[in-house]
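> The hints should help you fit chain C onto chain A, whose structure is shown.
Sequences listed follow chains A and C, in order. Here our numbering is used: position 237 in the first sequence is 237, and no number is missing along the way. Here our numbering is used: position 143 in the second sequence is 143, and no number is missing along the way.
If you are wondering where the hints come from, they were derived from the structure by calculation, not from laboratory data. Note that this is a predicted model, so its numbers are computed, not measured. Zero decoy hints are in this set.
Derived pair list, reagent style DMTMM-like, types lysine to aspartate or glutamate, alpha-carbon separation capped at 20 Å:
1. A/100 with A/114
2. A/363 with C/29
3. C/139 with C/202
4. C/551 with C/397
5. A/130 with C/29
6. C/225 with C/325
Chain A stretches covered by chain C per the calculated footprint, using a threshold of three residues with CB under 8 Å from any CB of chain C:
7. 279 to 290
8. 307 to 316
By construction, the Cβ of each residue, glycine as well, lies at the ideal position given by its N, Cα and C atoms.
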Amino acid sequence: MTAFLARLWEALTRRIDTFLLTVAMAIVGVGLITLYSATDQSFARIDNQLVSLGVALVLMWLIANVPPQTIARVALPLYVLGVVLLVGVALFGVTVNGSKRWLNLGIARIQPSELMKIALPLMLAWYFQKFEGRLGWKDFLLAAVLIVVPVYLIKRQPDLGTSLLIGASGFYVLYLAGLSWKVIVGLAALAGAAAPMVWPLLRTYQQERILTFLDPTRDPLGTGYHSTQASIAIGSGGVTGKGWLNGTQTHLAFLPERHTDFIFAVFGEEFGLVGNVTLLVLYLLLVGRGLVITANASTLFARLIAGAITLMLFTYAFVNMGMVSGVLPVVGVPLPMMSYGGTALVSLFVGLGILMSVQAHRKLVTS
Amino acid sequence: MALRFPFRAGKRGYPSVAELGSSELKNPERQVFLFRRRVVVAGLLVLAAFGALLARFVYLQIVQHHHYQTMAESNRIYVVPIVPNRGVITDRNGVVLAQSYSAYTLELQPTRIRNLDETIDALATIVDVQPRDRKRFRKLLEESRNFESLPLRTRLTDEEVARFAVNRYRFPGVEIKARLFRQYPFGEVASHVVGYIGRINDRDLARIAGWEESANYKGSDYIGKVGVELSYERELHGTTGVEEVEVDAAGRAVRTLSRTPPVAGNDLKLSLDIRLQEIAEAAFGARRGALVAIEPATGDVLAFVSRPGFDPNLFVDGIDAVNWELLNESPDKPLLNRPLRGAYPPGSTIKPFLALGALTSGKRSATQTIFDPGFFQIPGSAHRFRDDKKGGHGTVDMHKSIVASCDTYYYMLANETDIDDTQRFMTQFSFGRKTGIDIEGELTGVLPSRDWKRQRFAGKNYRDEHRKWYLGDSVSAGIGQGYNAFTPIQLASAMATLANDGVAFRPHLVKYIRDLRTGTVRQLEPEPTHTVPLRAEHLAVIKTALVGVAKEGTSAAAFRNSAYVSGGKTGTAQVFSLKGAEYRASQIDERLRDHAWYIAYAPADKPTIALAVLVENGGFGAQAAAPIARQVFDYYLTGEKKAGPAPAAPAPPPEAEDESD
Chain A
1 MTAFLARLWE ALTRRIDTFL LTVAMAIVGV GLITLYSATD QSFARIDNQL
51 VSLGVALVLM WLIANVPPQT IARVALPLYV LGVVLLVGVA LFGVTVNGSK
101 RWLNLGIARI QPSELMKIAL PLMLAWYFQK FEGRLGWKDF LLAAVLIVVP
151 VYLIKRQPDL GTSLLIGASG FYVLYLAGLS WKVIVGLAAL AGAAAPMVWP
201 LLRTYQQERI LTFLDPTRDP LGTGYHSTQA SIAIGSGGVT GKGWLNGTQT
251 HLAFLPERHT DFIFAVFGEE FGLVGNVTLL VLYLLLVGRG LVITANASTL
301 FARLIAGAIT LMLFTYAFVN MGMVSGVLPV VGVPLPMMSY GGTALVSLFV
351 GLGILMSVQA HRKLVTS
Chain C
1 MALRFPFRAG KRGYPSVAEL GSSELKNPER QVFLFRRRVV VAGLLVLAAF
51 GALLARFVYL QIVQHHHYQT MAESNRIYVV PIVPNRGVIT DRNGVVLAQS
101 YSAYTLELQP TRIRNLDETI DALATIVDVQ PRDRKRFRKL LEESRNFESL
151 PLRTRLTDEE VARFAVNRYR FPGVEIKARL FRQYPFGEVA SHVVGYIGRI
201 NDRDLARIAG WEESANYKGS DYIGKVGVEL SYERELHGTT GVEEVEVDAA
251 GRAVRTLSRT PPVAGNDLKL SLDIRLQEIA EAAFGARRGA LVAIEPATGD
301 VLAFVSRPGF DPNLFVDGID AVNWELLNES PDKPLLNRPL RGAYPPGSTI
351 KPFLALGALT SGKRSATQTI FDPGFFQIPG SAHRFRDDKK GGHGTVDMHK
401 SIVASCDTYY YMLANETDID DTQRFMTQFS FGRKTGIDIE GELTGVLPSR
451 DWKRQRFAGK NYRDEHRKWY LGDSVSAGIG QGYNAFTPIQ LASAMATLAN
501 DGVAFRPHLV KYIRDLRTGT VRQLEPEPTH TVPLRAEHLA VIKTALVGVA
551 KEGTSAAAFR NSAYVSGGKT GTAQVFSLKG AEYRASQIDE RLRDHAWYIA
601 YAPADKPTIA LAVLVENGGF GAQAAAPIAR QVFDYYLTGE KKAGPAPAAP
651 APPPEAEDES D
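Chain A with its partners taken away, still in its complex shape:
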């Protein structure tokens, strides 16, 4: 009996990276504790989040057991589907709050840009692997087109934040695939030079967000409100924080979006600098482990997809914490594994599943 259980346990955990899972679960735990405070001690959202976590863990386990080469096979269909859906959004999309981001499929509304977050790096990684060994500048040019198409479609929804993040995920693949430093530096210089020309093309609210980021006091009750109140929350937390459930900014509702995008401000207010440093270390462990897996991966596809997922994880965490603490403009990015929201949690654990799959199958392929 014990032998059976031991074997079952071994079968269940064989492909699971314990380190990665432990760190992720620690962050999720911190998130749930903070969520309980942010929702004024209601269990409704906690329950939802726990259900999503269950789904996420099952998906992670399934994907962890699938070899990377199998995953690679869905890359092209997924990407094509994503682009088709994005075109569909542009043609038949549902307008919510002035932007067309949703597609109504009768049963449910879906946001194809979410799909693209994983489909684009998969596609690029698959493409580079397919033509591994004979990659020329034409391939990088084609990769750029593969990136620009969804980025443009999402940008015109308009959803500048998401399009930039998806562009970044594509860029990470190019970078890891060996895009020349000269090209990278050249692109950066070009972007810097183009910034003044891009400015007039931005929507008023986008310009407003950037201006407010540069000077939050210019509109303290409007666009700058989120940023100002979040800084007050974090700053007033001090070194040790106000204590769990005791954040005044949180509980008197001065903090907006406190269970979703701004949950980090709740955490910072109640747990202080000590909490923030702890959280930074947890994210650093997660990203560090991801980079180790990336470095050890055996195929180009595995390396590229693992590296892109890891760097995206870092990007989300950095952009969110930077935005909440006032060093980056306000863009709608949730904090990985902390913010309330089932879709994001499931996608993140799918990403972790891919990382585990890469880690678990690294020797099988080489041998």
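Okay, now just chain C, sitting in the frame of chain A:
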């Protein structure tokens, strides 16, 4: 094996696009090496980014912690002023003249309401909103300071409160608040004394800032505007309390953190007797005029009438346009405080004071007589100053000059007296200077002198001959016409000073101030301002003559069968110069008729009340003004109450028919 990969390659970095496809790239181990180096670079970037975040957290949570702590506190803690209860004003017997009560108001915060008109229309289906409420709200909106909430309706009924409470969710920015309201139970009676409060405007704000009381008026909406409410504002207002409440982001109070209760304003007890005031006001009937009654030994103002009055309750919430127009544009000038701000020629009421001046200076003795042919001419001039009695009074001594009000006697006296000497003596009876009564706005009046005339006509439009003092000016002034113009409070004060044998007191309306917190009562001590140096025998001559006026002289008809002995003097002030034509009251437009005066005191031996009555366009003082004084004396001295307007005294006896008054 590692040697096969020159480290130098690192310098060049990863193969550029142009180099891609070279054989080097196909070497899997070198590929892994270069890939790992890229991962390390990415890792360093991650560390740098997280380091930047850490620096930001240290900045926010350590360096700027205090600043953000303060901001978080000011976010959540809201200091709410608690308006103190305004002091109560009572008469000398404790009858309430002004008090505050709490009532519900419907208030709108314009900054939180998108469409004001729609909101008001919707509210009108729930509570009664009249067009005048809308108009008043518009007016308040125009005058409002920044973000305050403004009342649309005041004094809601319980039913209206309940109806709104049910519909409250439909009206963000609309609230029901309990507010203190001022109420004046006597309405028009004594309205010019008590005054009223009104909403604080910019001028009031400047005044408050001048007292350095701005903090104390946080939360106060009202301030005294007129009368005692104005002049004793700082006693009545009280000290504003403070409540610290924790609020959420929507501004809702979550809990109270601390509370300093307000200290109610001090109560005022006036010297005024509201029953006497009612009798006095009723005695005027529909006539316009003023009455001031003073206790000579203290300066207590017992009655202070300005007719017509107004209802101060109309002003409390901000008066509506219709009522304002009615009051402000009425030819009867109900808003004019006549005792304080009405300057009228005193007519013959000035004579006893001039006679006293002549005795004091030695210009006349009591027994010295003159002959009155019915007119007076300045030697060398053809102009005749007429006596109102045709044919004159014949031989007249000082006593008769007062009892019969002989003009010629005073023409002659004025002709022989330097105007500046007259001015110096008369000033002592507060003619031509403020009495210092404790409500604001008192006029100085005009007691003419050479200096006064020079200054009055100093303007460029006048020439030297306008500025020069002429003997004719003195003669006109000698019977209380000419440039003389005094307020009723001045005449009442002069009468009180005379009745009190020259000891002058500052007239005052407030007698006691009660501090509610300590329960102590402070008395405002009667304030003797000065003593007019007079000789008893001179005073006796004048007082005997004044008693004579009421007993057998011009006001005898009004005081027939009185239970007390009083002294008085009638007066008639010309409104319109007839240029020598004979005065026939019935033929003249009512507004151009003479003003009627009566000044008096009683009882004659030990006066407890002195007064001045003015009836605008009342005609002869004896007929119109003296009966009002009689009613006031009757009530004050004997308790006899005759409700309603005083009847005109019967026409003067035949032999006095043509007397001036």
